[in-house]
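Undergrad: From first to last, the protein sequence lines are chains Z and U.
Per this note's numbering, the very first residue in the first sequence carries number 425; after that it's consecutive.
Per this note's numbering, the very first residue in the second sequence carries number 1056; after that it's consecutive.
Careful, some of the hints might be misleading.
To be verified - Estimated spans, in silico, between C-beta atoms of each pair:
no.: 1; chain 1: Z; residue 1: D794; chain 2: U; residue 2: V1186; range: 36 to 42 Å
no.: 2; chain 1: Z; residue 1: K511; chain 2: U; residue 2: T1170; range: 52 to 58 Å
no.: 3; chain 1: Z; residue 1: Q532; chain 2: U; residue 2: V1142; range: 33 to 39 Å
no.: 4; chain 1: Z; residue 1: G811; chain 2: U; residue 2: V1186; range: 27 to 33 Å
Said to hold, decoys possible - Example chain U residues on the side facing chain Z (calculated, C-beta under 8 Å, incomplete):
no.: 5; residue: A1133
no.: 6; residue: R1136
no.: 7; residue: S1314
Calculated directly from the structure, the hints in this document are not laboratory data.
Virtual Cβ for every residue (Gly too), placed ideally from N, Cα, C.
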Amino acid sequence: MKTSRILATATIAAVSVALTGCGSKGEAGGDAGASSGTLTIGASISLTGKTAREGVLTQEGYQLCQEKVNAKGGVKVGDKMLKLDIKYQDDTSKPDTAASLVDQFNDQGIKLILGSYGSANTEAQAAVIERNNQVMVDSSGADNNIFAKGYKRTFGVLSPATEYAASIVKAVAELASPKPTSVVVLSADDGFSKRAADGAAKAAKDLGFTVLETQYFPNGATDVSASLNKVKASNPDVIIGSVHLAEGVAIIKQAKELGVVPKVFGETVAPPTPDFVTTLGKDAEGVLGSSQWTKSAAGSDDYFGTAKQYDADIQAKFKHEAGYHNAEASAACLAFVLAIQKAGSTDANKVRDALAALDAPSFFAQLKFDAVGMNSTKPMSVIQIQGGKQVTVWPKASAEAALIWPGTTK
Amino acid sequence: MTGFLQATVYGLLQGGLLALVAVGFSLVWGVMNVVNLSHGAFVVLGAYVGWQLNTSLGLDPFLGMVIVALVLFCIGYAVQRFLINLVVNGPIFITLLLTFGLELLLVQGMNIVFTANYQSIPTSYAGNAIVLGGIQVPLGRLLAFLLAVGITVLLVKVMANTRIGMSIMATGMDRGAARLMGIRARHVYALTFGIATALAGMAGTMVGTVGTFNPAAAGGFTLLSFVIAVLGGLGNMYGAMVGGLLMGLVQAWGGYYLSGTWVNALAFLVLVIVLMFRPSGLVGKAFYAARVEV
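Using the sequences plus the hints, can you model the full thing?
TA: Right, here's the structure in full:
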């Protein structure tokens, strides 16, 4: 017994020492892997935890990018072609873990980082990136707050949070006939959702809607009945959910249970996620969603071709339709590749400068960052679930079908 | 007024569902003095089994939950008999560690087998509602509530009137004395754990029918069960029901009258207040609460 206890203690001590060794700070240079013919980029990904679903979609986007880039021989750095190798670590959907993983990548000499899923994780990572002189391309952190802190080394390929729900309001104002008059926003209480909710309320006010008081519930809530119950008496024409998938599904399910029937539901992140239709079935019909990207997006590039080709590639590789979570991740990876090629170096400072100056077309959108690192000129799209499929209805220029109005049935 | 009544009805129905989630947790804690941190994972596992039965065999979740209960009972019995039983005499930290590890294993296993995709068990009726005097009573939640009440009453009857129930209660009160009376504690413990996981599985199927689930939901169910068990109190089979209903009502009223972001803070505030005046929980017995050995 005594021997086994000593053995166990010794094993724990040995493992601890080994782990401490792994975690020690190094002063590695910024071009990890370059000498071995590979270009290593670090990615902390939410593979488990509350945003695991979105995290997996993000990883798929990164994986397709790696495949496409390597199929073309890799990343051209000066006169060398380096194979792209993205290293993944699971951040369990937790911001503090995502931030410490960025630190770990730095310890391994990996200075180029692809963002985790979501604004909270990305915001935590951005601070570490700045401190370590790393560079990050953010694929899914849309909260304007990330870019309001004066950081110089984080670049987001996506439209800012304030545009998410506002785009749905704009679409309804432009397309719905007869035009609805009242709007209420139901929002999760995380930074991203609140920012999106504020954007929607402001847009609605500017467009002449009667805007009811925004109702908040905890981020990740699966019971939003109290908020629905509160707005039921006012009978709003449009209910906008500034939410993630779990809360978005709960709004539709519980509104049905409580008999809350507006003319349309619109939600930010949930409807473009494939699980939205599979979990809600026919109750998903008519719901509007804002999307960073749709299959009808204009633009193309040498690696992914057009948006339609991108969708076909995702379908072939992952057996589901391409969602914007996939596309924004691939676009972030593409931005890195183009910037590294333009810089002709994997040095973090040079890549940072190249990203700041990047202005390139892609299947996703024009990749161009403003002074704070946001891709602020990129437009959002609005989709509607029609016949179980996501169909682009706004902006009119890229619409695949007309808006079905009203989007609900009594 | 309609809004208040609607919030109350919904809160009560939600409370019944929460009670069903927590009743097994409370049972295991009360009888075995094990705070089972893997309880939430069994709830989600039950939801997945119910979902699988529905998608593969087209079985209605209310029928399927009988099979779910059987499957989860077997798993729970085996887990207790061959795993948790190894440390059941150890300090509470050891059982906490073991069940926490089990939770990680189960959640990760479900992530691998079922992926992290959100799922829901579709029915044609669960989302519909009966309208009574302007109040919507959702059918799925009503059925879940009735089931929760039924199961709690049945559990009370089984515990009070059957030989196996009395063996469970006796082992919970004094394992040594129970052994001297010829009760096989190991079997009773495994049986208790099996019943708890079966109930967790049934609750999971209900949750999957009226809402959505994925493996990441497990931790939330464990936390909720913990709060409800403490709120209701240990050693009384009605404890989880009382705790669950109070939790449901507090959340519904809190969300209706205050900001919805306050609901969790409010639920814990109620827990603190209850514990200040009734340290053994609302209907719990002091003997069970005082047994925690560190």
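Undergrad: For this structure, which hints from the list above don't hold up?
TA: The structure breaks hints 1, 2, 5, 6; every other hint is satisfied.
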